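> Going by UniProt numbering, the sequence shown opens with residue 1, and the numbers climb by one from there.
Because the hints were derived from the structure by calculation, they are not lab data.
Because the structure is a prediction, the values reported are computed rather than measured.
Here a beta-carbon is modelled for each residue, glycine too, at the ideal position from N, C-alpha and C.
There's no promise every hint is true.
[To be verified] No farther apart than 27 Å at their CA atoms in a straight line, the calculated lysine-lysine pairs in the DSS-like style are these:
id, residue 1, residue 2
1, Lys35, Lys185
2, Lys185, Lys116
3, Lys85, Lys185
4, Lys52, Lys116
5, Lys52, Lys77
6, Lys85, Lys120
7, Lys85, Lys35
8, Lys62, Lys77
9, Lys52, Lys120
10, Lys85, Lys52
11, Lys185, Lys52
12, Lys120, Lys77
13, Lys62, Lys52
14, Lys35, Lys62
15, Lys185, Lys77
[As the list claims (entries may be wrong)] Simulated DEER-style distance windows between Cβ atoms:
id, residue 1, residue 2, range
16, Arg131, Gly94, 27 to 33 Å
17, Thr79, Tyr30, 23 to 29 Å
18, Pro181, Ile57, 22 to 28 Å
19, Arg125, Ala23, 38 to 44 Å
20, Ser109, Thr129, 30 to 36 Å
21, Phe124, Leu60, 28 to 34 Å
22, Ala26, Ala121, 23 to 29 Å
23, Thr50, Pro181, 33 to 39 Å
24, Leu127, Ile57, 19 to 25 Å
25, Glu91, Thr36, 32 to 38 Å
26, Glu122, Thr36, 31 to 37 Å
27, Arg49, His76, 17 to 23 Å
28, Lys52, Gly132, 22 to 28 Å
29, Val118, Tyr87, 40 to 46 Å
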Amino acid sequence: MPPVSDETSSQETKATAEPDWTATTAERAYYHQDKTFIKRSLRNSEYMRTQKGTIHIPRLGKERLQNEAACLRFIHKNTDIPVPKLYGSFEVDGSYFLITEYVEGVSMSDLDETEKGVVKAEIFRHLETMRGVRSGRIGGPGGLKLVIPPWRALHASEKDRERSMVSVITICSQHNVIVDPGTLKIAAIIDWEYGGFWPE
């Protein structure tokens with residue numbers, strides 16, 4: 001395995017080597033310029049060390065981004081749920097890139113409780129839409145089964161699977177709901193790496 005850098009030196013190197021660099025975490029590198037947002041998996045040489053000195057290897061780094069690309073395509077084609085436009089996804093030099101539209105707005109988690117109440121009404125409508133989208137197989141819409149499903153899906157009995165082998169594409173948390181602060185309408189729901197169909 002190539003050399004592994006610590007978190008600080010990795011970020012400093014990335015900031016100088018890639019002028020459009022926004023941030024690097026132990027899981028991903030992120031870029032934002034104008035109306036474009038890129039997230040990519042880390043290369044082996046970019047893996048970071050934990051405070052204990054062990055190497056953090058992102059779990060299914062490439063596969064989760066492939067799953068997100070499949071989710072964005074599927075949702076855009078089959079529903080009216082607002083998601084970022086997918087511009088492309090591909091692998092280069094051991095790093096998988098997901099390129100999407102950058103959606104302006106604020107995170108739902110930053111709103112006050114009254115404003116969140118307005119947004120929740122729209123979320124409930126989107127949840128109903130998702131419940132109406134069915135699949136005959138468990139996993140991501142692109143057929144990827146490597147992504148970890150919700151706990152309830154892992155512990156469903158065979159009888160449960162036969163009775164209700166379909167479910168909704170997994171909804172995200174409040175910080176992944178991007179809202180227009182002026183209208184309080186949802187501009188986009190982002191981060192679909194773990195999206196998929198699971199038993200209800």
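> With 23 to 29 Å as the target window, see if Ala26 and Ala121 comply at their CB atoms.
36 Å, violated
> That 38 to 44 Å hint for Arg125 and Ala23 (C-beta), does it hold up?
32 Å, violated
> Given the hint that Lys185 pairs with Lys116, does the C-alpha gap stay at or below 27 Å?
11 Å, holds
> Does Lys62 sit within 27 Å of Lys35, going by the straight-line distance between their CA atoms?
Roughly 23 Å between the alpha carbons, so the hint for Lys35 and Lys62 holds.
> The hint says 28 to 34 Å between Phe124 and Leu60; measuring C-beta to C-beta, is that right?
31 Å, holds
> Does Lys52 sit within 27 Å of Lys62, going by the straight-line distance between their CA atoms?
25 Å, holds
> State, for the Cβ atoms of Glu122 and Thr36, whether the hinted interval 31 to 37 Å holds or is violated.
Violated - the Cβ-Cβ distance for Glu122 and Thr36, about 26 Å, lies outside 31 to 37 Å.
> Taking the CB of Ser109 and the CB of Thr129, does the distance hold inside 30 to 36 Å?
22 Å, violated
> Starting from the hint 22 to 28 Å, judge whether the C-beta atoms of Pro181 and Ile57 obey it.
With a Cβ separation near 38 Å, Pro181 and Ile57 fall outside 22 to 28 Å, so the hint is violated.
> Given the range 27 to 33 Å, decide if the beta-carbon distance of Arg131 to Gly94 lies inside it.
38 Å, violated
> Holds or violated: Lys85 with Lys120, Cα cutoff 27 Å?
Given that 27 Å is the threshold and the Cα spacing comes to 23 Å, the pair holds.
> A range of 40 to 46 Å was offered for this pair. Does it hold for the Cβ distance of Val118 and Tyr87?
Taking Cβ atoms as reference, Val118 and Tyr87 lie about 30 Å apart, which means the hint is violated.
The structure shown violates the earlier hints numbered 4, 5, 9, 10, 11, 16, 18, 19, 20, 22, 24, 25, 26, 27, 28, 29.
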